[in-house]
Amino acid sequence: DGGITQSPKYLFRKEGQNVTLSCEQNLNHDAMYWYRQDPGQGLRLIYYSQIVNDFQKGDIAEGYSVSREKKESFPLTVTSAQKNPTAFYLCASTTPRATEAFFGQGTRLTVV
Amino acid sequence: ELKVEQNPLFLSMQEGKNYTIYCNYSTTSDRLYWYRQDPGKSLESLFVLLSNGAVKQEGRLMASLDTKARLSTLHITAAVHDLSATYFCAVRGSNYKLTFGKGTLLTVNP
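Protein chains in written order, with our numbering: chain G, 3 to 114; chain U, 2 to 111.
To be clear, the hints were calculated from the coordinates, so they are not data collected in a lab.
Just so it is clear, the structure is predicted and the values come from calculations on it, not from any experiment.
A portion of the hints provided could be inaccurate.
In the BS3-like style, the derived pairs of lysine-lysine whose C-alpha atoms are separated by at most 30 Å in a straight line are [claimed, not checked]:
{"hint": "1", "chain 1": "U", "residue 1": "K98", "chain 2": "U", "residue 2": "K57"}
{"hint": "2", "chain 1": "U", "residue 1": "K98", "chain 2": "G", "residue 2": "K73"}
{"hint": "3", "chain 1": "G", "residue 1": "K59", "chain 2": "U", "residue 2": "K42"}
One side only, chain G facing chain U, incomplete, derived with CB under 7 Å [what the hints assert, rightly or not]:
{"hint": "4", "residue": "A33"}
{"hint": "5", "residue": "Y35"}
{"hint": "6", "residue": "G44"}
{"hint": "7", "residue": "L45"}
{"hint": "8", "residue": "T101"}
{"hint": "9", "residue": "F105"}
{"hint": "10", "residue": "Q107"}
Built from N, CA and C at the ideal position, the CB exists for glycine as well.
Isolated chain U, as found in the complex:
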């Protein structure tokens, strides 16, 4: 059974600092997704990573995928308050089941 583990679950950062969120998964997969969720809202797609070594960047966020280590990272550079949200990773298993991590609640403080 595919399990997806995110850490940390809670992250409080100062503006201007860098940090990384980690997403580990337990079985082979060829699709890894990162989402952002604001309070009371649905999920907004950030990145889709499709192959080993894939790296994607958008603004202050950069995501990477290492399929051999079964690990994806979401790196935050020079955090700003607007990045405060909950971030989820999700992995598609071989049976098309899409499994989510528990999410990382990010708070960026002035």
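The following block holds chain G by itself, in its conformation from the complex:
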């Protein structure tokens, strides 16, 4: 079945550590997105990518990094520079004409 897979579902990080969240899609979608959601809040865009080897900063990119070496994969690294990383992270992808936008199941990151 086609879809977007995020892993892990839950992730715990010690302060000062970098962690990488995985997002893989087998839908052959060109565009991929990373969002952050805080409790009771909306979705804020971290990074997005339209094509392989290209990506753009969203509204809250500081403390995060991404890569897009393959069409199927768009991993997000939460660096130690991100001061308040505890949140729910969602990955999305869209069809070439953006007639659909699908989301993964999310990764809940907690700093301990």
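Given chain G, work out where chain U should sit, using these hints.
Same frame as chain G, now just chain U:
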């Protein structure tokens, strides 16, 4: 910069009543999306509206788009408890950036 505004942010309804959620956006767009989110879960796609005057219906939910007014509505007919969730609209800008509204937390009471 594209801004997306939803209202109301909180909506408490009685079962059987009708209500409308509004989504305004600030710049021209050709793609508007509605999603539902249950607590602790990801987003479920409800509707994608692609052109001016588009109307889509699924069960008790109906979405419409007026690109000239930069307004989309999500109308709820005869609400039932199962519709309790947070509803988001999202708009795709000209640079492919997908921007979300803050969401509407809907609670349907017996």
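Status of each hint after checking the structure:
1. A threshold of 30 Å between alpha carbons decides the hint, and for K98 of chain U with K57 of chain U the separation of about 24 Å falls inside it, so the pair holds.
2. Proximity of K98 of chain U to K73 of chain G is assessed by CA-CA distance (about 18 Å); at most 30 Å being required, the pair is judged to hold.
3. The suggested pairing of K59 of chain G with K42 of chain U holds, with an alpha-carbon distance near 25 Å, which does not exceed 30 Å.
4. Interface hint at A33 of chain G: satisfied, since its Cβ lies 6 Å from the closest Cβ of chain U, which is below the 7 Å cut-off.
5. Below 7 Å, beta-carbon pairs count as interface contacts, and Y35 of chain G has one with chain U at about 6 Å; its hint therefore holds.
6. The criterion of a C-beta within 7 Å of any C-beta in chain U is met by G44 of chain G, whose closest approach is roughly 4 Å, and the hint holds.
7. The interface hint given for L45 of chain G is met, as the beta carbon of that residue sits about 4 Å from the closest beta carbon of chain U, less than 7 Å.
8. A hinted interface residue such as T101 of chain G counts as satisfied when its beta carbon comes closer than 7 Å to some beta carbon of chain U; here the least separation is about 6 Å, so the hint holds.
9. At a threshold of 7 Å, the smallest CB-CB gap from F105 of chain G to chain U is about 5 Å, leaving the interface hint in force.
10. Here the hint on Q107 of chain G is kept, as its CB sits about 5 Å from the closest CB of chain U, short of 7 Å.
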